[in-house]
Amino acid sequence: MSKITFVQHDGETQTLDVENGLSVMNAAVDNLIPGIDADCGGECNCATCHVYVDETWMPKVGLPGAMEEAIMSLNPERQSNSRLSCQIKVSDELDGLVVNLPEFQY
Amino acid sequence: MSYIPQPRTTMLGRDPSSVPLEDIDVSQAALFHSNTMWGFFDRLRKEDPIHYCKDSEFGPFWSVTKFDDIMAVEGNPEVFSSEPAISLQDPDEELNVSMFIAMDEPKHGDQRRTVQGAVAPRNLANMEELIRERAGAILDALPVGETFNWVEKVSVELTTQMLATLLDFPQENRHKLTYWSDVATQVPGPGSICATVSERNQILIGECVPAFMGMWMERAASEPRFDLISMMAHGEATKNMAQERPMEFLGNILLLIIGGNDTTRNSISGSVLFLNENPGEYAKLKANPDLITNMVPEIIRYQTPVIHMRRTATRDFSLKGKDIKKGDKVVMWYVSGNRDEEAIDRPYDFIIDREKPRHHLAFGFGIHRCMGNRLAEMQLRVVWEEILKRFDKIELAGDLVRANSNLVKGYTELPVRVQPL
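Just so you know, the sequences run in chain order A and B.
Sequential numbering of the first sequence, starting at 1, is according to the numbering used here.
Sequential numbering of the second sequence, starting at 1001, is according to the numbering used here.
It is worth saying that the hints were derived from the structure and are not from the lab.
From the three backbone atoms N, C-alpha and C, an ideal C-beta is built for every residue, glycine too.
Possibly wrong hints are sitting among the right ones.
Taking CB as the label site, the calculated pair distances span [said to hold, decoys possible]:
id, chain 1, residue 1, chain 2, residue 2, range
1, A, 11, B, 1084, 43 to 53 Å
2, B, 1349, A, 13, 35 to 45 Å
3, B, 1172, A, 103, 31 to 41 Å
4, B, 1419, A, 95, 51 to 61 Å
5, B, 1293, A, 59, 34 to 44 Å
6, B, 1290, A, 12, 16 to 26 Å
Chain B regions said to be covered by chain A (calculated; three or more residues, Cβ under 8 Å) [as the list claims (entries may be wrong)]:
id, region
7, 1105-1114
8, 1120-1126
I would like the entire structure built from these sequences, with the hints used as guidance.
As structure tokens, then:
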């Protein structure tokens, strides 16, 4: 189990204990965290689970892969710390991770 | 290389289980016109989910019919290219327009990014009140006590007004947008909107292009505004398009007109049909209007207004053990994937409070996923919010007529009567 914190656009925060191996998207959807749509179901194919990773965590979370980059690059609100949460796998290393949710999913 | 069409076996009126598997041809528009395609797709999903049709009006093609396989094709744009065309029909040599929906990276992304902002959720939030007012005015003007065509009076009217708003096109001329969209999408011939290819090209080149060229020049000379034409006229990747690449200019204008027209129009019509076919769901909706948000993606899945999109293999590729050759046409049948029981629970049922309703293929997936998806959802939500404020029921009052197309799943006639609250 690792702790993952979701910060809504309005500042509200929720912290979940998440089983290692699940994606951050899975954790959000299973716990009905608003603001994550995950239309494609975790296939890196829709970009509706977009999050902004807290900058201090970026070195551990790492950069997006090629497909993720391709699909996120179409989002006008994409930033340098943008990731698709279906592509972030929860592990001991990410215990304490903080992700910020965008105002809208595309 | 030209393909000479041959007379071939029609699927219309055939029992899907009796046609030899290798002879099944789901590209025939008559199947969609008569709404009898379902059994053919059910059989393909079960017996041959990646199916090769060796002969059709459009030449040979592969059919991808299951949800996950369609997703895999969408997610592999290097192998499954959107060039030269995204429908079964190859590009017209006499009118070789190009649009970013039928381009690969990096051109697709560069052009799409220019206009994406106009239909971004942030911008839509500002437009919602305007859409609500316009929807309300359309509904208030409906003839109570008469039977009328819902397609014409509501679906077309609403989507056309919306499109004119997005393009900042003069509202008084908005019907030209629908007209040009129809001209561009209907195959010319007897009984069609244009009798000949040259008539069609004359209308598009002689009327549509000059109208938009004028708007483009005016927007280019003014400060940037938040309409699609202004965004393209000022966007880095698109600003020289009108002067330097006129067919790309026409193509992208047509893409925006068609994309914002046929699709949502048919989902609005479909929603009335589905609620009439499912009175229990209509009762549920009326008892709890908050279900509209959940119902909207279910309407879009159930309608699936875009029947298929096509890709072309850039190299030999094995898909689920089928050997696809470089240059082969690969058709993703969204209409079939959205009825795949391995991906969607009770897929043939219209369930307005379905769990995970946005898990559907109607917008496509991957880098070409529908750019206007949130706009479409917003239009449908607003129109139903406004309907429930005014009418006890929109009641089907006659036989509907479906579109004769293998690309656009829609309706030309939906006779209804409205009962005010």
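Verification of the supplied hints:
1. 11/A / 1084/B: 43 to 53 Å: holds, 49 Å
2. 1349/B / 13/A: 35 to 45 Å: holds, 38 Å
3. 1172/B / 103/A: 31 to 41 Å: About 35 Å separates the Cβ atoms of residue 1172/B and residue 103/A, which means 31 to 41 Å holds.
4. 1419/B / 95/A: 51 to 61 Å: Since the Cβ atoms of residue 1419/B and residue 95/A sit about 59 Å apart, the hinted range of 51 to 61 Å holds.
5. 1293/B / 59/A: 34 to 44 Å: holds, 38 Å
6. 1290/B / 12/A: 16 to 26 Å: At roughly 21 Å between Cβ atoms, residue 12/A and residue 1290/B fall inside 16 to 26 Å, so the hint holds.
7. 1105-1114: With 4 residues in contact (Cβ-Cβ under 8 Å with chain A), the coverage given for the region 1105-1114 of chain B holds.
8. 1120-1126: Check passed, 3 qualifying residues.
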